[in-house]
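Asks: In my numbering, the protein residues as written are 1 to 232.
Treat the hints as calculated values from the structure; they're not laboratory data.
These figures come from a predicted structure and were not determined experimentally.
From the three backbone atoms N, C-alpha and C, an ideal C-beta is built for every residue, glycine too.
In silico DMTMM-like cross-links for lysine to aspartate or glutamate, where the CA-CA straight-line distance does not exceed 20 Å:
1) K212 with D195
2) K212 with D14
3) K211 with E21
4) K7 with E227
5) K147 with E118
Now the in silico label distances, taken between C-beta atoms and shown as ranges:
6) N68 with C88: 16 to 24 Å
7) S181 with E83: 45 to 53 Å
8) C88 with R174: 42 to 50 Å
9) S90 with K5: 47 to 55 Å
10) N39 with T101: 20 to 28 Å
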Amino acid sequence: MLPQKYKHLFFDLDHTLWDFETNSLHTLEQLFEKYHLGNNFESFKHFYDRYEAYNNELWELYRLGKINKAKLNFDRFHTPFSEAGLKCESTAENFASDYITVSPTKTMLMPNTLQVLEALKRKHQLHIITNGFKEVQFTKLKNSKLKPFFTKVFISETIGASKPKKSFFEHAVRSTNARKSECLVIGDNLKTDIDGAINFGLDYVFFNPQKKPHTRTLMHEISDLQELHSIV
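Using the sequences plus the hints, can you model the full thing?
Replies: Next up, the structure:
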């Protein structure tokens with residue numbers, strides 16, 4: 001039997017284990033009805049498309065340290081609301097607060113997540129590495145039954161550095177008393193997860209469940225978490 005190469009597996013949370021797209025969509029649909037946004041938007045899709053555009057832009061600014069999380073969370077709702085004629089700031093504030101409260105209670109996971117983690121946990125130490133808000137990530141882990149699988153949870157907001165910065169990955173590896181050669185990063189984002197791993201000299205797996213095209217030459221790429229068994 002070949003010796004085990006990786007002792008520590010560092011998983012991104014959103015989009016990799018926790019099905020962010022589905023959980024967020026269900027939350028927004030729920031809140032769209034609660035706040036009667038059909039009075040301002042022609043459809044939920046109209047609202048969702050505008051929200052997604054601003055949300056993606058604002059997250060990039062947040063990762064670059066150009067805005068704080070309060071501005072991110074407010075503007076991603078207030079801006080599309082204002083465009084639709086709903087300019088009341090308190091409505092956007094309440095909606096944003098509800099989103100942060102409700103979304104982490106959703107429990108959809110990516111396919112085969114629990115089965116794969118159950119098997120990997122027997123031979124590896126598993127850790128979470130995430131740029132998500134600290135007040136929601138632990139709630140997600142608890143409600144979706146993921147928490148028992150992980151030894152440590154590394155959140156950028158707590159560390160003071162976000163992926164893909166070297167300091168984030170350095171902190172995570174040092175905190176586990178691991179050698180870099182013993183570590184494997186698994187994530188869905190080429191910029192934050194994969195480039196972060198490469199820049200700090202860590203092996204990595206790009207999780208690409210939708211098989212989105214790209215031009216990168218990568219160490220490992222998978223579309224199903226079950227494929228990890230042949231890598232680790």
